[in-house]
Every structure is written in C-alpha cells, then in structure tokens.
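Trainee: As a plain string of letters, each chain reads:
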Amino acid sequence: MGRNLKFEIFRYNPLTPDIQPCMRTYRLEEHPSMTLFIALNMIRERQDASLQFDFCCRAGICGSCGMVINGRPGLACHTQTCDLPNHIALHPLPVFKLLGDLCVDTGVWFRNMGTKIESWIHTAKAFEPSVPEERMDNALANHIFELDRCIECGCCVGACGTARMREDFIGATAINRLARFHIDPRDNRSPADFYDIIGDDTGIFGCMGLLACDNVCPKNLPLQDQLGIMRRMVTIESVRGIIPAFIRNKLQGCGCKQKC
Amino acid sequence: MIASSFPAGARSRLDFWQVASGAILALFICVHLILEGSVVISPKLTDGIAWLLEATCVAQIAAPCLVLLILFHFWIAARKMPFRAGELGVFVRHSRCLREADTWLWLVQVFTAVVILAGAFFHVYTVMTDLPITVAGSAKRLHSGWMAFHAVFLPCVILHTGIGIYRLAVKFGICSKAARNRVRATIWIVMGCYLTLGTLALSRVWFLE
Chain A
1 MGRNLKFEIF
11 RYNPLTPDIQ
21 PCMRTYRLEE
31 HPSMTLFIAL
41 NMIRERQDAS
51 LQFDFCCRAG
61 ICGSCGMVIN
71 GRPGLACHTQ
81 TCDLPNHIAL
91 HPLPVFKLLG
101 DLCVDTGVWF
111 RNMGTKIESW
121 IHTAKAFEPS
131 VPEERMDNAL
141 ANHIFELDRC
151 IECGCCVGAC
161 GTARMREDFI
171 GATAINRLAR
181 FHIDPRDNRS
191 PADFYDIIGD
201 DTGIFGCMGL
211 LACDNVCPKN
221 LPLQDQLGIM
231 RRMVTIESVR
241 GIIPAFIRNK
251 LQGCGCKQKC
Chain B
1001 MIASSFPAGA
1011 RSRLDFWQVA
1021 SGAILALFIC
1031 VHLILEGSVV
1041 ISPKLTDGIA
1051 WLLEATCVAQ
1061 IAAPCLVLLI
1071 LFHFWIAARK
1081 MPFRAGELGV
1091 FVRHSRCLRE
1101 ADTWLWLVQV
1111 FTAVVILAGA
1121 FFHVYTVMTD
1131 LPITVAGSAK
1141 RLHSGWMAFH
1151 AVFLPCVILH
1161 TGIGIYRLAV
1171 KFGICSKAAR
1181 NRVRATIWIV
1191 MGCYLTLGTL
1201 ALSRVWFLE
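Taken in sequence, the protein lines are chains A and B.
Mapping the first sequence onto our numbering, position 117 (from 1) lands on 117, and the numbers just tick up by one.
Quick note: to get our numbering, add 1000 to the position in the second sequence (first position is 1).
FYI, nobody ran anything at the bench for these hints, they're computed from the structure.
The structure presented is a predicted model; accordingly, all values stated were derived computationally and were not measured.
One should not assume that every hint holds.
Derived pair list, reagent style EDC-like, types lysine to aspartate or glutamate, alpha-carbon separation capped at 16 Å [as the list claims (entries may be wrong)]:
no. : chain 1 : residue 1 : chain 2 : residue 2
1   : B       : Lys1080   : A       : Asp200
2   : B       : Lys1177   : A       : Glu146
3   : A       : Lys6      : A       : Asp48
Whenever a hint applies, use it, and build me the whole structure from the sequences.
Mentor: Below you can see the structure in the form of structure tokens.
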C-alpha cells in the first residue's frame, strides 16, 4: 500500500472574482510510478471536476503542465510523487497570466517575447524554393538544436527572482533563443543588432545571475552559459569606442567552441 | 555602410562599469587583506609595509579614491537592489519558496553591500585621520571599541567579495555549468582562508604586547 499523499492546491478562478483565492486540500493514495500529472487527473476525476490544470503530451515535450511544486517550478508530468514528501503544495507559475487554478497563459507571454527579440532568421537572401537547402556543419547544427530544445514551459521565468520583481525583464528563455540565432550562420545580425535588442536592464543586463533558471529547467538547457556568452558579447559591444579593439577582441574569446 | 564607432543609441554602459569597478575593488580587498595579514608573521613587517605605502603617498591617494569607487560601485549596482515598494518582500518570499542557494547568495550580497557602504567610510576615516598607520595604533583603536565593528565588517567584506567574484564568473560565462560546483567550492575555501587570516590578524593585534 502506497503513502497517503496530502495535496494542497491553489484554487482561484478569475472569472469568479467574488470567490477568494484559497488552498484546497485533497488526499490520494500513492501508486507506483505515479507522476503529479496522474495524481492531478485522479483528483479531477474522483474528487473535484472543477480543478483546472493544463496538460497535453504527458512526456515533458509540450511544456503545458508547468507549475510550482513545493515552491519550485517544474513539469507535473516529469515529477514523480515518490521524489516528493507526503505533503505536496501546488501553485500556478507566477509572472504569467492566471487562467484558473494551476492554469496559466504562457502563450501570450512567449509570443510577445518572440516579437520583442525578433525571434526569426534575419537575412537579406531571398528564399529560393527550388534551390537545395544550404548545408550546415553537423556539430553546429547539433549546437543550434541543443538551444532549440526549449519547450517554452515557463519554469525558468517562474524561478527567476528578477522576473518576479521586474515584469519587463525578458527572462532566460528569451536570451537562450537569441543565442540560438546568434550562432546560426544564416542569421546576419551583428553584435550591434543584438545589443539593440537586449543591451539594457530589461534584457541581458537585468539578469543578476541567480541561477534558478538553470537549475529548474526540465530540459536541462545550459541557460546560464548562454546568458554568459550573450552578456559578454553585448557588454563588449557596449564599450565599442571606449575600449580599444584589440582588448575587446581579447575579452570576446571565451574558450568555448561557440561563435561569440 | 561604415559602422559607427559607438553603439547605436545612448544605451547605458552601467553593467560594464559595475563589473569593472567591482573587479578593481575585489582585487584591492584581496591584496589589502594579505598585507594586513602580514601582522601574523610580524607587526614590524606590517609597520614597514604601511610606512612604504605612506612614504610613497599611495595610501593617501588610494584611500579617498577607494571610497569614491565604492560609492560609484554601489550607486550603479543599486539599480538592481530591491528598493522599490514590495520588491524586497517579493524576493524574500520567492527565495524562501525556491530554496535555491544561488538566489539566497544575491540577498547576502545586497545585505553586505549596505554594511560595506557604511563601514568602509568609517574604516577609512578613522585610519586616515590617525596617520601614520601602525600596528600599535590599530591595537589602540581595537581596544577602544572598534573590535565589534571589525567582527562584522570583515566577514561582510569577504562574503561580498567572494560571492561577487563567483557571480561575475557565472554571469559572464567564465564559469560554465560543468565547472560551477567546483568553482563555488573553491570560492568558499578561499573565503574561509581569508576569514581565518583576517581573524588571526585581528587576534594578533588585539593581543599585541
């Protein structure tokens, strides 16, 4: 017989503002290999049909089930109850617009972020549908793919102390995405262009190196490493004309194999 | 098109100056504590170093410059501090829930920054208005009530410097994810060494015959 789990779940529906937000308690017997996703479905099916939470793929791919699990953002489908204590508190991800209970709207946030950082390839080349695609070095393609693995779950944003304090901060996920375009040879943007996008306190300089984004990322993306590379590039760009070029070039090198 | 010699727009370079001033101050602290620590070997050695720095006017010039640099560093870094209404509460609640050591370290830096800002002024003022700098003079000051000040000031300076260097390395990608635990452990060990050296130096001056 499994443990008797006590779930404390945040309940609030913005469509019924007269009912105050509260934490509601549910009890459930633990099963082997039970994930939070399974537990939440069981609660909804057997105890409270009004409980709202998002899910889609059940495999840590869609990023829909991001929530705050005992104080730390994570994916419900990725989290096994056996890794948690008997008492499990669930909250919606902060920063994002609350849709109800554990549901948040990450879509609008990510769309606005994508627009702000111009999250697309910038090239002067006209698209030729009949011409074969240009070849790319395999290592570089893998590197780009590594950064493209972000599932936009919003856990890094929910774990970021800066994003909690300053709502205009673009977050690690945005800078990671920009880093992906920075290493893509098809993107013709220069360091000056990247500086224009993220060279202020709402961008890369707003990051205080709190590292929670890096530690909670369910896909284990090297977020802080990317932030470091972008920060160095943008910082050096910010002192163009003040620091001699040979010193800037020296500082630019980081020992990694990435273009930076 | 010829690239402009300055970046487009009048964006601030505050982050660069924050890092540059912080790095200079960290370097100064590391050297300062080692020179101060020479009292453990011999008070005469420390007196000799102090005499040399005064005779060459390095101490007289460096002291006010350092106070100004500390003010400059604080002024720039303060833009990220949780001064606005509710920000500190939000951040503390967030840190408590998250239980993330690196997030707490930033709060430690904020707290020690405020202590250092106030303490550095008094430290420099009392030393520089009582020239020449001697171990005997320091012992007199410690016995006249400054020991408690140093018992708080020293750990704050070491913590702020150590955490600052670690976070600088992380923020600029010098310390990658793979090396982070090793670098953090090294920084804590170095901070422990500096704290031991500082404590030994204070004890040596306190018990000076």
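Trainee: CA of Lys6 (chain A) to CA of Asp48 (chain A), is that 16 Å or under?
Mentor: With Cα atoms ~15 Å apart, Lys6 (chain A) and Asp48 (chain A) stay inside 16 Å; holds.
Trainee: When you check the alpha-carbon spacing of Lys1177 (chain B) and Glu146 (chain A), does it fall within 16 Å?
Mentor: Holds. Lys1177 (chain B) to Glu146 (chain A) sits at ~15 Å (cutoff 16 Å).
Trainee: What's the verdict on Lys1080 (chain B) and Asp200 (chain A), does the C-alpha distance respect the 16 Å limit or exceed it?
Mentor: Roughly 12 Å between the alpha carbons, so the hint for Lys1080 (chain B) and Asp200 (chain A) holds.
Going through the hint list in order, the structure satisfies each hint without exception.
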